[in-house]
Amino acid sequence: MNDKIKKQVFTHIPVYSGDVSGAASALYEFGGLTVIHDPSGCNSTYNTFDELRWNKLESAIYISGLKESDAISGNDERLIEDIVSAIDGRSRRPKFIALCNSPVPDIIGTDFAAICRLLEKKTGIPAFYVRTNAMHDYTSGGANAFLTLAEKFLGGPDPSGTKSDQLDSVGRNQSGNCSLRVNLLGLTPFEYPFDAQIDGLYEIIKNAGFSVCANWGKGTADHPVTFDDVAMAATADVSLVLSSSGIKAAEFLHQKFGIPYVIGDPLASDEFASVIFNDLKAPFSMKVVKNSYLNILDDGKSDSTVFIGEPVTMGSEAAAYALSHGHASLVCTTEMTDSLVSENTSCPRGEAEIAESLMKANVIHGDPILKNATSHGKRGFDRRHQTWVDEPHLAMSGRMFFRK
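Mapping of the sequence shown onto UniProt numbering: position 177 corresponds to residue 177, and the numbering continues sequentially without gaps.
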C-alpha cells in the first residue's frame with residue numbers, strides 16, 4: 001500500500017456520518033417523504049446514531065430495500081410502486097418526495113431524474129433527487145439537500161416581486177418592519193443537537209434586534225419548523241449560515257434574490273455574537289457577504305491552541321477564543337470548505353494528516369474520539385504535553401459522550 005493511500009485509511013477513529021444521513025437530517029422537519037434507495041442493510045445507522053429526533057418528532061423516512069435482482073435488471077418500477085404505496089398508506093400526503101442515492105444505485109447509474117418525473121406524474125407531489133452516494137460526509141449531503149430544496153421550490157420568479165428594490169441602505173424593508181429578518185441556514189442536529197441551543201439562539205437573535213424569517217434545519221416546541229419556512233426564506237433581509245450544510249442554500253438565495261449572508265455561530269460567545277450581529281447590519285445595498293470568524297483567526301500562525309472539526313461551529317469557537325485570549329487556529333476535517341476556510345487553514349483528509357495537524361498543539365478543542373488519532377506512541381509523537389478540551393460531535397462519535 002503506497003503512502004498516499006495509507007494516509008486515507010482510518011484505523012483508530014471513525015469516519016464522519018455519511019451524506020445520506022446529512023440529507024435526511026436536513027429535510028427531516030419540512031413535511032416531506034425522504035426515500036433512501038439502498039439495500040436496507042445499514043438503514044438503522046441513520047435512525048440509531050445520526051438522528052436524535054426519530055422518537056420525539058415524526059418524519060416520513062422510507063428505505064427502499066433494494067434487491068440484488070432489481071439492481072441487476074434495473075427494475076426501477078418496483079421502487080416507484082413501493083413509494084406510491086407508502087404514500088397511499090399515510091393519512092397525510094407529504095409536501096414533497098426527496099430521493100437519496102447510495103453506492104449500488106450510483107454504480108449502476110439509476111436515472112433518478114426520470115424516476116422523479118414518473119413519481120410526480122403518478123402522485124401529483126413534487127419530487128426531486130438529492131445528490132448523494134454514501135461516499136461523502138454529512139456536510140455534503142446536507143448542503144445538497146438544502147440546495148435542491150431551494151432549486152425545486154424557489155427556482156421560479158422572485159416570490160416577493162422586486163425584493164432587491166425594497167431594501168433601504170441598511171437592509172430594512174421599507175414596508176415598515178423595524179427589525180431585520182434573518183434566515184437560519186444549516187441549523188441541523190449534527191452541530192446543534194439540543195433544544196436549549198436552538199431556543200437560546202432565537203433568544204439572542206431577538207435581543208440583538210433581529211427577527212427569524214425562516215429556519216432551515218432543526219426546530220423546537222417553541223420554535224417549530226414547517227414547510228412554510230421554505231418559501232419564507234426568499235423574503236428575508238439576510239441569511240445566517242450556522243454550519244457547512246447551509247452554505248449552498250445561502251449562495252443560491254444570494255444569487256437568486258440578492259439576499260446577502262453572514263457565516264458564523266453566535267452561540268460561540270457573547271463577544272463573538274456582537275461581531276456577527278454587526279456584520280448582519282452591514283450595508284445591504286452592497287450585497288455584502290461576510291465570514292465573521294475568518295477575519296479574526298490567525299490560521300497557520302499559531303499552533304498552540306487548535307479547534308478541530310466542522311469549520312463554522314469550530315471556527316466560531318476559535319474566533320471567540322482568539323477575541324479573549326489572543327490566538328487560535330482552526331483545523332477543518334469535514335468536506336465542505338468553500339468560503340468556510342482560509343488558504344492557511346489546515347484541512348486534513350485522513351487519520352494520519354489529522355495527527356500531523358495536531359502535533360504542535362498544546363491545547364486541542366474537539367471530539368474526544370479524535371484523541372485516538374494522536375495516541376501516545378502512535379504516529380511518532382507524544383501527547384502527554386497536550387491538554388484536550390472535549391467537545392463531542394454527533395457526526396463523529398454519535399452519542400457516546402453526550403452525557404458528559
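To be clear, the hints were calculated from the coordinates, so they are not data collected in a lab.
Among the clues, some could well be false.
Okay, the calculated beta carbon distance ranges per label pair [stated by the list, open to error]:
id	residue 1	residue 2	range
1	His327	Ser274	18 to 28 angstroms
2	Arg93	Glu68	45 to 55 angstroms
3	Glu77	Asp390	42 to 52 angstroms
4	Val84	Ser304	50 to 60 angstroms
5	Asn372	Ile107	26 to 36 angstroms
6	Glu68	Thr226	35 to 45 angstroms
7	Met135	Leu57	22 to 32 angstroms
8	Ala86	Arg53	13 to 23 angstroms
9	Lys206	Ser69	35 to 45 angstroms
10	Val84	Ala231	50 to 60 angstroms
11	Asp298	Lys122	17 to 27 angstroms
Bear in mind that the values here come from a model prediction, so they are computed numbers and not experimental data.
Don't be surprised by glycine CBs; every beta carbon is placed ideally from N, CA and C.
Tested hints:
1. His327 <-> Ser274: 18 to 28 angstroms: Holds - the Cβ-Cβ distance for His327 and Ser274, about 20 angstroms, lies within 18 to 28 angstroms.
2. Arg93 <-> Glu68: 45 to 55 angstroms: Given range 45 to 55 angstroms: violated, Cβ gap about 32 angstroms.
3. Glu77 <-> Asp390: 42 to 52 angstroms: At 50 angstroms between Cβs, range holds.
4. Val84 <-> Ser304: 50 to 60 angstroms: holds (59 angstroms)
5. Asn372 <-> Ile107: 26 to 36 angstroms: Roughly 31 angstroms apart at Cβ, these two residues keep to the hinted range, so it holds.
6. Glu68 <-> Thr226: 35 to 45 angstroms: The hint (35 to 45 angstroms, Cβ to Cβ) holds, given that Glu68 and Thr226 are roughly 39 angstroms apart.
7. Met135 <-> Leu57: 22 to 32 angstroms: The hint (22 to 32 angstroms, Cβ to Cβ) holds, given that Met135 and Leu57 are roughly 29 angstroms apart.
8. Ala86 <-> Arg53: 13 to 23 angstroms: Taking Cβ atoms as reference, Ala86 and Arg53 lie about 20 angstroms apart, which means the hint holds.
9. Lys206 <-> Ser69: 35 to 45 angstroms: Given range 35 to 45 angstroms: violated, Cβ gap about 56 angstroms.
10. Val84 <-> Ala231: 50 to 60 angstroms: 26 angstroms Cβ-Cβ, so the 50 to 60 angstroms window is violated.
11. Asp298 <-> Lys122: 17 to 27 angstroms: At roughly 56 angstroms between Cβ atoms, Lys122 and Asp298 fall outside 17 to 27 angstroms, so the hint is violated.
The structure fails hints 2, 9, 10, 11 (numbered hints given earlier, in ascending order).
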